[in-house]
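Given next are the chains, with one letter for each unit.
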Amino acid sequence: AQSVTQLDSQVPVFEEAPVELRCNYSSSVSVYLFWYVQYPNQGLQLLLKYLSGSTLVESINGFEAEFNKSQTSFHLRKPSVHISDTAEYFCAVSGRRGSEKLVFGKGTKLTVNP
Amino acid sequence: ETGVTQTPRHLVMGMTNKKSLKCEQHLGHNAMYWYKQSAKKPLELMFVYNFKEQTENNSVPSRFSPECPNSSHLFLHLHTLQPEDSALYLCASSQDMAAISGYTFGSGTRLTVV
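Quick mapping for you: the protein sequence lines, in order, are chains A and B.
Take the position in the first sequence, starting the count at 1, then add 18; the result is the number in the working numbering.
Take the position in the second sequence, starting the count at 1, then add 95; the result is the number in the working numbering.
Where hints are given, some of them may not hold.
Cβ-Cβ distance ranges computed for the label pairs, FRET-style [what the hints assert, rightly or not]:
(1) B:N112 - A:D26: 36 to 44 angstroms
(2) B:Q190 - A:I78: 15 to 23 angstroms
(3) A:S88 - B:T102: 43 to 51 angstroms
(4) A:S44 - B:T111: 23 to 31 angstroms
(5) A:S44 - B:N153: 13 to 21 angstroms
(6) A:F32 - B:S160: 34 to 42 angstroms
(7) B:G123 - A:S46: 29 to 37 angstroms
(8) A:K87 - B:T207: 39 to 47 angstroms
(9) B:D191 - A:S88: 28 to 36 angstroms
Calculated from the structure, these hints are not laboratory results.
Idealized CB from N, CA, C, for every residue including glycine.
Let the sequences and hints guide you as you build the complete structure.
So, in structure tokens, the structure goes:
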């Protein structure tokens, strides 16, 4: 079985500052990794995912995450955040076998202040 | 709009009421899920349906009763709920049971039990 640990429940930052949201996973098998974002009063939206190939994956709005197998991590980063990035971010993991479901972390609430 | 529609968006019900939550997707997905999202707790997977058949029930109390009449619609029937059942209920769908394609979430129903 897989598990996900998001080390920070809340991360406050100032606008245009860099941010890193940490995610570590535990699994005995190869995994797929995902980041979802939840804006206020909305459901979760897929932000980016790692399936295979390049360990660095990017989203369309400037976020990136790097799969680090040796450290079992998939941290999310953005070099310069905007007020509109304020949301809750969820890391998720799935085993690579056919019927594996997503397992979500507890989420990290990112607040970007002016 | 994500392609997964949940109604109603908000619901207030008494502990003796009976109500239903509705989820609809026209993405051609075959798997559908109900999640419960409570404040300060991780996402809780409640039920999983694949091709209209329930494949998972995560020890959910019987006061929650799911129904999946076809691959496009999913209901959650509620009766004699408790105040601790107040939460955001999220519906999600995916192409199949493999998580590789990711899940598409609805915006949720905010349920308040009084």
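Verification of the supplied hints:
Here the CB-CB span from N112 (chain B) to D26 (chain A) is close to 39 angstroms, well matched to the stated 36 to 44 angstroms. A C-beta distance of roughly 21 angstroms is found between Q190 (chain B) and I78 (chain A), which places it inside the suggested range of 15 to 23 angstroms. In this structure the hint that S88 (chain A) and T102 (chain B) lie 43 to 51 angstroms apart at CB holds, the actual value being about 46 angstroms. S44 (chain A) and T111 (chain B) have their C-beta atoms about 43 angstroms apart, which leaves the hinted 23 to 31 angstroms range violated.
Distance hint check: the CB atoms of S44 (chain A) and N153 (chain B) are about 20 angstroms apart, consistent with the given range 13 to 21 angstroms. Checked against the hint of 34 to 42 angstroms, the C-beta distance between F32 (chain A) and S160 (chain B) comes to roughly 47 angstroms, which is inconsistent with it. The given range of 29 to 37 angstroms is respected by G123 (chain B) and S46 (chain A), whose C-beta atoms sit roughly 33 angstroms from each other. Checked against the hint of 39 to 47 angstroms, the C-beta distance between K87 (chain A) and T207 (chain B) comes to roughly 44 angstroms, which is consistent with it.
For D191 (chain B) and S88 (chain A), the hinted distance range of 28 to 36 angstroms is satisfied, since their beta carbons lie about 31 angstroms from each other.
This entry does not satisfy hints 4 and 6, going by the numbered hints stated previously.
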